[in-house]
Amino acid sequence: MTDVPLLTDVDREAQQRFIAVVDVLVDADVELVVTSPHDLATFRGALPDRPDAFRMTSRLLLLAG
1 MTDVPLLTDV
11 DREAQQRFIA
21 VVDVLVDADV
31 ELVVTSPHDL
41 ATFRGALPDR
51 PDAFRMTSRL
61 LLLAG
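So for the sequence shown, my numbering puts the first residue at 1; every next one is plus one.
Since the hints were made in silico from the structure, they are not lab data.
Certain hints may be false.
To be verified - Ranges of calculated distance between the beta carbons of each label pair, as one might list FRET restraints: (1) Asp9 - Asp29: 26 to 32 Å; (2) Thr8 - Asp29: 16 to 22 Å; (3) His38 - Leu62: 14 to 20 Å; (4) Asp11 - Pro37: 15 to 21 Å.
Even glycine gets a Cβ: it sits at the ideal position worked out from N, Cα and C.
Start from the sequences and build out the full structure, keeping to the hints where you can.
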């Protein structure tokens with residue numbers, strides 16, 4: 001995935017799709033490379049107020065190695 005925006009910059013449906021695909025790919029042990037114009041700290045700091053955002057963040061950290 002390239003040029004991933006801050007989740008606060010997209011609508012809730014796009015947020016849900018991104019969170020779901022990260023979850024599914026990590027569960028399936030599929031390699032995922034994510035690029036963004038934002039560093040991980042900025043991305044994490046701009047998470048929307050969603051109960052599933054914390055899980056998605058922990059999964060992105062798993063991917064980061």
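Verification of the hints:
1. Under the hint 26 to 32 Å, the C-beta atoms of Asp9 and Asp29, about 29 Å apart, fit the expected range.
2. A hinted range of 16 to 22 Å for the beta carbons of Thr8 and Asp29 is inconsistent with their spacing of about 29 Å.
3. Checked against the given bound of 14 to 20 Å, the beta carbons of His38 and Leu62, roughly 19 Å apart, stay inside it.
4. Hint check: Asp11 to Pro37, Cβ distance near 19 Å, so the stated range 15 to 21 Å holds.
Of the numbered hints listed earlier, the single one contradicted by the structure is hint 2.
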